[in-house]
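Residue numbers (the working numbering), protein chains in the order written: chain A, 1 to 520; chain B, 1 to 520.
Honestly, I wouldn't trust all of these hints.
[As the list claims (entries may be wrong)] List time: in silico EDC-like cross-link candidates among lysine to aspartate or glutamate, alpha-carbon distance up to 20 Å:
(1) K280(A) with D54(B)
(2) K33(A) with D53(B)
(3) K121(A) with E99(A)
(4) K33(A) with E15(A)
(5) K33(B) with D53(A)
(6) K29(A) with D324(A)
(7) K415(B) with E99(A)
[Said to hold, decoys possible] Here chain A is said to cover these stretches of chain B; the calculated rule only asks that three of the stretch's residues, wherever they fall, bring their Cβ under 8 Å from a Cβ of chain A:
(8) 40 to 50
(9) 217 to 224
(10) 355 to 362
No wet-lab data here; the hints were simulated from the structure.
All C-beta atoms in this analysis are idealised placements derived from N, C-alpha and C, irrespective of residue type, glycine included.
Protein chains: 2
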Amino acid sequence: MEKENNIQINAIGREVPINVNGKILIPYKGVKKHKPEGFKHGSRISTCADFPDDGNKLVVSLKEALIRSELQDGMTISTHHHFRNGDLIANEVFKIASELGIKNLIWFPSASFDCHAELIKYLKDGTIHHIEGSMNGELGRFVSSGKMKGVGVLRSHGGRYQAIQDGEVQIDIAIIAAPTADNFGNANGVSGSSACGLLGFALADSQYSNKVIVVTDNLIPFPCLPWQIQGNYVDYVVKVDKVGIPEKILSGTTQITKSPDRLFLAELTARFCDQAGIIKDGFSFQAGAGGTSLAVGYYFAKIMKDKGIKASFARGGSNKFLVDMLKNNLLEFILDGQTFDLDGVNSMKLNPNHVDTSPFTSYNYHGKGNFAQLLDVVILGATEVDVNFNGNVVTHSDGLLLHGLGGWQNCLFSKCTILPIPLFRDRIPVIKDHVTTICGPGELIDVIITERGIAINPLRLDLIEKIKGSGLPIKTIYQLKEEAERICGIPQKPIFADETVAIVKWVDGTVIDSIKRVIE
Amino acid sequence: MEKENNIQINAIGREVPINVNGKILIPYKGVKKHKPEGFKHGSRISTCADFPDDGNKLVVSLKEALIRSELQDGMTISTHHHFRNGDLIANEVFKIASELGIKNLIWFPSASFDCHAELIKYLKDGTIHHIEGSMNGELGRFVSSGKMKGVGVLRSHGGRYQAIQDGEVQIDIAIIAAPTADNFGNANGVSGSSACGLLGFALADSQYSNKVIVVTDNLIPFPCLPWQIQGNYVDYVVKVDKVGIPEKILSGTTQITKSPDRLFLAELTARFCDQAGIIKDGFSFQAGAGGTSLAVGYYFAKIMKDKGIKASFARGGSNKFLVDMLKNNLLEFILDGQTFDLDGVNSMKLNPNHVDTSPFTSYNYHGKGNFAQLLDVVILGATEVDVNFNGNVVTHSDGLLLHGLGGWQNCLFSKCTILPIPLFRDRIPVIKDHVTTICGPGELIDVIITERGIAINPLRLDLIEKIKGSGLPIKTIYQLKEEAERICGIPQKPIFADETVAIVKWVDGTVIDSIKRVIE
Numbered sequence: 001m002e003k004e005n006n007i008q009i010n011a012i013g014r015e016v017p018i019n020v021n022g023k024i025l026i027p028y029k030g031v032k033k034h035k036p037e038g039f040k041h042g043s044r045i046s047t048c049a050d051f052p053d054d055g056n057k058l059v060v061s062l063k064e065a066l067i068r069s070e071l072q073d074g075m076t077i078s079t080h081h082h083f084r085n086g087d088l089i090a091n092e093v094f095k096i097a098s099e100l101g102i103k104n105l106i107w108f109p110s111a112s113f114d115c116h117a118e119l120i121k122y123l124k125d126g127t128i129h130h131i132e133g134s135m136n137g138e139l140g141r142f143v144s145s146g147k148m149k150g151v152g153v154l155r156s157h158g159g160r161y162q163a164i165q166d167g168e169v170q171i172d173i174a175i176i177a178a179p180t181a182d183n184f185g186n187a188n189g190v191s192g193s194s195a196c197g198l199l200g201f202a203l204a205d206s207q208y209s210n211k212v213i214v215v216t217d218n219l220i221p222f223p224c225l226p227w228q229i230q231g232n233y234v235d236y237v238v239k240v241d242k243v244g245i246p247e248k249i250l251s252g253t254t255q256i257t258k259s260p261d262r263l264f265l266a267e268l269t270a271r272f273c274d275q276a277g278i279i280k281d282g283f284s285f286q287a288g289a290g291g292t293s294l295a296v297g298y299y300f301a302k303i304m305k306d307k308g309i310k311a312s313f314a315r316g317g318s319n320k321f322l323v324d325m326l327k328n329n330l331l332e333f334i335l336d337g338q339t340f341d342l343d344g345v346n347s348m349k350l351n352p353n354h355v356d357t358s359p360f361t362s363y364n365y366h367g368k369g370n371f372a373q374l375l376d377v378v379i380l381g382a383t384e385v386d387v388n389f390n391g392n393v394v395t396h397s398d399g400l401l402l403h404g405l406g407g408w409q410n411c412l413f414s415k416c417t418i419l420p421i422p423l424f425r426d427r428i429p430v431i432k433d434h435v436t437t438i439c440g441p442g443e444l445i446d447v448i449i450t451e452r453g454i455a456i457n458p459l460r461l462d463l464i465e466k467i468k469g470s471g472l473p474i475k476t477i478y479q480l481k482e483e484a485e486r487i488c489g490i491p492q493k494p495i496f497a498d499e500t501v502a503i504v505k506w507v508d509g510t511v512i513d514s515i516k517r518v519i520e
Numbered sequence: 001m002e003k004e005n006n007i008q009i010n011a012i013g014r015e016v017p018i019n020v021n022g023k024i025l026i027p028y029k030g031v032k033k034h035k036p037e038g039f040k041h042g043s044r045i046s047t048c049a050d051f052p053d054d055g056n057k058l059v060v061s062l063k064e065a066l067i068r069s070e071l072q073d074g075m076t077i078s079t080h081h082h083f084r085n086g087d088l089i090a091n092e093v094f095k096i097a098s099e100l101g102i103k104n105l106i107w108f109p110s111a112s113f114d115c116h117a118e119l120i121k122y123l124k125d126g127t128i129h130h131i132e133g134s135m136n137g138e139l140g141r142f143v144s145s146g147k148m149k150g151v152g153v154l155r156s157h158g159g160r161y162q163a164i165q166d167g168e169v170q171i172d173i174a175i176i177a178a179p180t181a182d183n184f185g186n187a188n189g190v191s192g193s194s195a196c197g198l199l200g201f202a203l204a205d206s207q208y209s210n211k212v213i214v215v216t217d218n219l220i221p222f223p224c225l226p227w228q229i230q231g232n233y234v235d236y237v238v239k240v241d242k243v244g245i246p247e248k249i250l251s252g253t254t255q256i257t258k259s260p261d262r263l264f265l266a267e268l269t270a271r272f273c274d275q276a277g278i279i280k281d282g283f284s285f286q287a288g289a290g291g292t293s294l295a296v297g298y299y300f301a302k303i304m305k306d307k308g309i310k311a312s313f314a315r316g317g318s319n320k321f322l323v324d325m326l327k328n329n330l331l332e333f334i335l336d337g338q339t340f341d342l343d344g345v346n347s348m349k350l351n352p353n354h355v356d357t358s359p360f361t362s363y364n365y366h367g368k369g370n371f372a373q374l375l376d377v378v379i380l381g382a383t384e385v386d387v388n389f390n391g392n393v394v395t396h397s398d399g400l401l402l403h404g405l406g407g408w409q410n411c412l413f414s415k416c417t418i419l420p421i422p423l424f425r426d427r428i429p430v431i432k433d434h435v436t437t438i439c440g441p442g443e444l445i446d447v448i449i450t451e452r453g454i455a456i457n458p459l460r461l462d463l464i465e466k467i468k469g470s471g472l473p474i475k476t477i478y479q480l481k482e483e484a485e486r487i488c489g490i491p492q493k494p495i496f497a498d499e500t501v502a503i504v505k506w507v508d509g510t511v512i513d514s515i516k517r518v519i520e
């Protein structure tokens with residue numbers, strides 16, 4: 001059977017397809033095992049002779065810009081999630097494409113949010129063939145039910161940069177929603193009434209896409225400073241009434257938890273870091289987008305104040321907590337990949353030590369190093385982990401694809417990766433024999449912290465040694481799993497069809513796992 | 001004869017070789033006529049797996065870094081001129097190469113200065129095969145005398161970016177001297193005791209070279225901010241005692257003239273711009289590195305003060321005069337490609353409206369527009385012009401190659417290009433029937449201003465119209481030429497051999513002229 005021939009077992013024991021959407025894939029080989037060959041993608045050479053002498057690239061509408069960019073069937077179209085759930089442009093792009101009768105587009109967003117559920121109608125009517133990027137919430141359910149024409153491709157933020165840089169994904173038209181721009185195409189996210197912070201997720205798109213359209217609601221005279229996106233990469237500029245709703249940047253995953261259980265988890269995590277000697281003068285950390293992760297930062301600050309020490313840098317997602325640490329001299333720099341609230345936006349605009357970064361600097365695994373690996377500790381979430389410390393962030397235990405990878409995979413390369421997670425959610429244990437989907441290999445996940453105990457990865461003898469005699473509730477991962485199952489029982493496994501609906505790429509472009517259609 | 005078969009007449013009537021140093025060349029086709037095909041160069045894909053986990057790329061010496069970069073015979077090695085005549089690194093690189101017995105290197109500097117005359121010994125001993133970049137002073141004389149093994153290739157700053165981007169020049173090892181860096185390779189020119197301003201001339205090298213070495217005398221903890229050069233592109237970092245002498249940035253061409261004749265020229269130029277309606281609120285300008293050009297800025301400021309107006313932006317080379325205009329609110333922004341003195345360095349560090357640019361943003365003709373074309377007026381120098389308004393900046397009337405192109409060609413795309421030049425120098429007329437070397441086509445040169453009259457390019461009917469009745473001493477270029485010849489006589493032409501010693505590239509990579517060996 002062709003379908004069977006298309007499947008290989010990769011180095012972490014998962015069945016993955018080697019041909020998806022007509023493209024040949026490389027199965028995951030292990031951490032640091034895949035060595036890329038060849039050369040970075042080069043986009044088509046442009047010439048100033050083809051652009052206006054006066055530098056004015058303004059066209060009358062997004063539709064006009066898409067037509068001039070020669071929008072055609074089957075093209076790869078990229079948009080970005082700087083406004084998170086307040087994005088107004090992606091839906092508009094596909095509305096125009098649908099009206100123009102364009103079919104089989106590949107949507108290549110840097111992430112999707114609930115607001116993009118509207119695109120399901122364009123997946124249904126054939127305007128969009130498939131999505132390469134996160135497929136969240138309703139979009140994920142749609143994919144999990146097998147209704148998308150093509151196979152979804154999930155990549156981390158760093159993997160997205162890598163895929164563009166290496167030419168795995170060749171973007172035909174990038175549409176960059178920008179809170180401020182000039183008519184030459186220089187653009188930023190720190191100014192204007194729709195200010196969202198930075199535009200780093202669109203950096204690769206600007207550098208490597210064939211055509212680049214900047215859409216703004218705040219057109220200012222040249223030069224737009226800072227030029228987070230450089231006009232020298234931009235083909236067309238469009239002025240619209242509104243590019244995004246910055247108030248909706250603050251979505252579910254970016255509010256600190258109010259749950260006492262999770263606050264306890266966060267505090268336990270901070271205590272662990274303290275005992276392990278991680279919280280010391282000049283250390284660096286990153287707390288992810290989850291509510292618990294955010295709370296960890298709060299406890300870090302408390303410990304640092306008590307000790308009278310200061311962190312060197314924190315990687316954002318920036319939020320009020322990080323910004324306060326910077327203001328209160330607990331932190332020297334925020335190296336920010338994404339503003340998670342308006343405090344973050346304002347701080348990036350005003351504080352020179354709050355610096356915008358991009359997936360290139362922070363996360364790209366096919367660079368000469370990246371920032372994620374320099375961190376002393378990262379705090380991340382997970383939907384599931386397994387007894388081998390493998391982690392899942394994209395599917396739930398019912399098999400449904402509901403989340404994107406974000407920077408999660410990229411952050412695993414830090415010096416210490418900690419997942420503070422509840423032992424069970426809605427009476428479903430979080431620790432499994434096997435995770436539904438492997439998003440990150442266990443060898444990179446160092447510590448699992450639950451409300452009923454802490455499991456340290458046996459590979460981290462150094463951490464185990466440091467924690468000895470600390471009084472912290474250290475257990476094996478098997479003990480934690482059994483404890484959860486004693487309380488909740490062993491849940492039924494979801495029933496999957498053979499059909500692959502999405503694949504999960506590793507940071508190096510290989511396929512670490514696949515996601516099957518859920519039979520509901 | 002093979003030599004004769006290798007020569008074609010290009011669109012501006014000059015004999016140019018079509019094969020130089022074993023590479024096929026395209027003869028100049030005219031302004032806006034050459035449309036590039038194909039794709040930008042992609043450098044080899046790297047992986048974090050090959051770089052230190054802790055991001056520390058420090059090696060013990062420049063020699064060690066060159067050896068680890070696998071320095072070999074025939075490689076292309078790049079260095080940069082941010083320290084202008086105070087560069088200490090380029091000579092050191094070739095000293096090491098010579099000691100290692102390496103032969104036939106191509107030196108690809110962003111510019112050369114008197115301090116690089118020391119490299120003549122490595123041109124003689126076979127360490128360096130030829131230079132692609134400016135060949136100034138003694139180096140130029142060496143080339144003009146036919147002693148360099150290969151043929152020199154002259155490119156503008158923008159042409160250098162274009163050549164790297166398009167893959168015409170593939171750099172094997174880029175050595176970037178940086179006044180401040182961290183051990184990850186992030187680097188800048190604004191801090192440290194050797195601060196030189198910006199590192200923009202090394203941008204393309206960092207992006208496209210196979211190996212990148214950052215050499216610094218001020219190693220600071222990560223993160224080095226701003227990261228004008230991004231460590232994610234860097235292979236090795238080297239700490240040395242001293243990377244450059246910033247006091248020597250201020251070289252001959254960056255001091256304002258004290259000559260009353262040239263001050264008169266500068267004032268006349270400013271008056272012309274005023275009469276032509278160029279000096280108005282929100283206008284933009286660039287004054288080149290020459291002493292007269294710098295003085296023009298002084299007179300611009302005077303007129304603006306009188307009118308109570310303010311310029312939008314000036315393109316640097318920045319210097320005390322531009323910085324004072326910024327401070328005195330006569331100027332909104334300096335978009336700076338190169339600091340010409342220490343006032344410029346300090347201002348770039350401290351004033352957020354003094355912004356570093358690069359040949360990519362400012363000058364690259366194979367981009368989607370560039371900044372040079374946006375300028376209302378540029379003031380440039382020239383060694384010669386001819387009756388067709390063609391300009392020369394690289395050779396003197398004695399045929400000797402003595403200067404580089406700098407950003408001169410790139411600036412010609414401004415809305416008005418003015419050359420204020422003395423009618424004669426050392427009793428040699430500056431206006432010729434034919435320039436010794438065509439560096440820029442006359443159709444892009446709008447106005448020649450001499451102490452004895454102003455010639456407006458007949459193509460600029462609009463300017464001729466605006467100046468009518470102004471009382472300015474408007475003459476034809478022929479009148480100016482005759483006047484000079486009446487005073488000085490017609491000088492003897494230099495005698496050239498058949499042999500091509502260097503070629504001059506146009507901004508699009510085509511060959512606009514060639515330079516022959518001078519028979520002395």
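Evaluated hints:
{"no.": "1", "hint": "K280(A) with D54(B)", "in the structure": "17 Å, holds"}
{"no.": "2", "hint": "K33(A) with D53(B)", "in the structure": "15 Å, holds"}
{"no.": "3", "hint": "K121(A) with E99(A)", "in the structure": "13 Å, holds"}
{"no.": "4", "hint": "K33(A) with E15(A)", "in the structure": "18 Å, holds"}
{"no.": "5", "hint": "K33(B) with D53(A)", "in the structure": "15 Å, holds"}
{"no.": "6", "hint": "K29(A) with D324(A)", "in the structure": "42 Å, violated"}
{"no.": "7", "hint": "K415(B) with E99(A)", "in the structure": "41 Å, violated"}
{"no.": "8", "hint": "40 to 50", "in the structure": "holds (count 11)"}
{"no.": "9", "hint": "217 to 224", "in the structure": "holds (count 3)"}
{"no.": "10", "hint": "355 to 362", "in the structure": "holds (count 3)"}
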